[in-house]
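Peer 1: Given only the sequences and the hints, what does the whole structure look like? Please build it.
As a plain string of letters, each chain reads:
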Amino acid sequence: MRIFDPHIHMTSRTTDDYEAMAAAGIEAIVEPAFWLGQPRTSLGSFVDYFDGLLGWERFRAGQFGISHHCTMGLNPKEANDEELARQVLELLPRYLAKDRVVAVGEIGFDGMTAAEERAFADQLQLAIEHDMPALVHTPHRDKPAGTTRSIELVQRSGIAPERVVIDHNNELTYEEVLDSGCWAGFTIYPDTKMDEHRLVRIVDQVGIERLIVNSAADWGRSDPLKVPKTVAALLDAGVDEADVQRLVWDNPVTFFGQSGRLELADDERAPDPAATFAGNSILRGARPA
Amino acid sequence: MIPLEHDSLELALSARLDRERRAWFDEAVARVRAAPSAIASVFPAVGRGVGRGPLNPDDGDDPVRAWSVDDAARTLLLVALGDAAESELELLYRHGDARERRGVLRSLAFIDVDPGLSRRLVDDGLRTNDVALIAAAMGPFAAERLDDAAYAQGVLKCVFVGVPLAVVAGTEERATPELAAMLGRYVHERIAAGRTVPEDVWPLIDRHPPAAELHAIEAELHSPHDDRRRAAQAALAGRPPATPNQ
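As they're listed, the protein sequences go chains A and B.
Sequential numbering from 1 applies to the first sequence in my numbering.
Sequential numbering from 1001 applies to the second sequence in my numbering.
In case anyone wonders, no lab produced these hints; they're calculated from the structure.
Bear in mind that the values here come from a model prediction, so they are computed numbers and not experimental data.
The beta-carbon is built from N, C-alpha and C at its ideal position, and this holds for glycine as well.
Watch out, some of these pointers could steer you wrong.
Simulated DEER-style distance windows between Cβ atoms [as the list claims (entries may be wrong)]:
id, chain 1, residue 1, chain 2, residue 2, range
1, A, Glu129, B, Arg1145, 36 to 44 Å
2, B, Glu1189, A, Gln245, 30 to 38 Å
3, B, Asn1056, A, Trp219, 44 to 52 Å
4, A, Ala20, B, Gly1053, 29 to 37 Å
5, A, Gly260, B, Ala1084, 23 to 31 Å
6, A, Asn80, B, Asp1147, 31 to 39 Å
7, A, Arg198, B, Asn1056, 50 to 58 Å
8, B, Glu1189, A, Thr192, 47 to 55 Å
9, B, Pro1140, A, Trp219, 38 to 46 Å
10, A, Glu19, B, Thr1196, 23 to 31 Å
11, B, Asp1124, A, Asn80, 31 to 39 Å
12, B, Phe1160, A, Asp179, 56 to 64 Å
13, A, Gly37, B, Arg1048, 27 to 35 Å
Peer 2: Okay, structure coming up:
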């Protein structure tokens, strides 16, 4: 079983996590740009964060044979610092041009403010201009209303719905998302959002077409092995193995492949085999014995 | 000298581009000539446009040891910028991913920009832990412009992270007694830890043999600890026999 975790914030995780993820069969990941738990106060902090997603995290993942990609965007919470938001939006085109940037995101709503809506709409336009898919976060509070409003903004923007994934769905939101033509993301968390057994029920209902499963593991209580654990739960529940494989590999590859920038291990054009970096700095800069 | 190398870089790149990639590259050159600021979006896309394989297939595709096709294309794009390269270079490096930064560092031997700027970029490359960037930083610019102390630190960093000294520019011309002594102390540290020593340090050590360090290394052959004795034997076995002084 090939496993792709299409939403995980590795910047917040340890090297032990990479090791465990590789051992559990995770071969590829997408790390969306997001909020760091506390607000950034200057553009430089965003620059350094974006550089880290392209540089250090890609390298760290490569040490474990995991192919790392990212999305670039201004998250909804920090869209509310309007002066800083303006500067970040101005900076984004430079980063959207990079290799292995596979979508604009996470964008969307947090508190459903006017500033969030402006940044969301502006970034949907950036996605169109840069021929990129978009990754849309839905709010924790009042999720159904936030999801409905997100779909309206997607429709108004003119972006093709099949190039948008609306993430963090629950039982009350996913049908509307699928009806809109967008992809529906499911975040499997230890105790909020969605768990693997609830997802089994949803797959029983609607199948796996345009569904994406992720761990969204970050600096909070979360589990970077939730996608492999969901695979186990689906197989235990008797879901066909080929369908499970499509859900946790083919679907994210199809969705993010729309960027033309996925680089997977079986792609002969993929550069930078991990061996290239032997002697590098997970070894703390020194050559091994 | 540089125009000749520039021509050979163009020839090498041409040999590696099929018609589609050639068209991409020619358009990229035209775009940055028309509007230098276009380099901000062209530079990151170079690998997707021209590919990322080895520039010379015989060299293999280890970016520490050899140029890649995108290194050459990025260098030639910066050459095409002419005087405008100077104002774009720092931002391209600052916002560049590892391959873009490597391209900038490789280009320094081919473009005419403020040496202070080049020096800042080389210093930054040497502070990283990416072996390909470290190797690219120790190119012809470093060999020509780093002072002795900085050059010696650069060589030591290469040895430390496993960049082969064959890819470092100027080691013969820039060898100093201080560098030989630093490498001698490095060899001693490795032996005392029971570890292996890369053979390529010996020619630089033996160019200005550091008596105290060599004495300490040879004393390890009589260490009371097995692992240190073995490490010393192995290290010294990699030292080329002394050649008669010319």
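Peer 1: If a hint holds in the structure, say so; if it does not, say that too.
Peer 2: Cross-check of the supplied hints:
no.	hint	verdict
1	A:Glu129 - B:Arg1145: 36 to 44 Å	41 Å, holds
2	B:Glu1189 - A:Gln245: 30 to 38 Å	50 Å, violated
3	B:Asn1056 - A:Trp219: 44 to 52 Å	45 Å, holds
4	A:Ala20 - B:Gly1053: 29 to 37 Å	33 Å, holds
5	A:Gly260 - B:Ala1084: 23 to 31 Å	29 Å, holds
6	A:Asn80 - B:Asp1147: 31 to 39 Å	49 Å, violated
7	A:Arg198 - B:Asn1056: 50 to 58 Å	56 Å, holds
8	B:Glu1189 - A:Thr192: 47 to 55 Å	51 Å, holds
9	B:Pro1140 - A:Trp219: 38 to 46 Å	44 Å, holds
10	A:Glu19 - B:Thr1196: 23 to 31 Å	25 Å, holds
11	B:Asp1124 - A:Asn80: 31 to 39 Å	34 Å, holds
12	B:Phe1160 - A:Asp179: 56 to 64 Å	59 Å, holds
13	A:Gly37 - B:Arg1048: 27 to 35 Å	34 Å, holds
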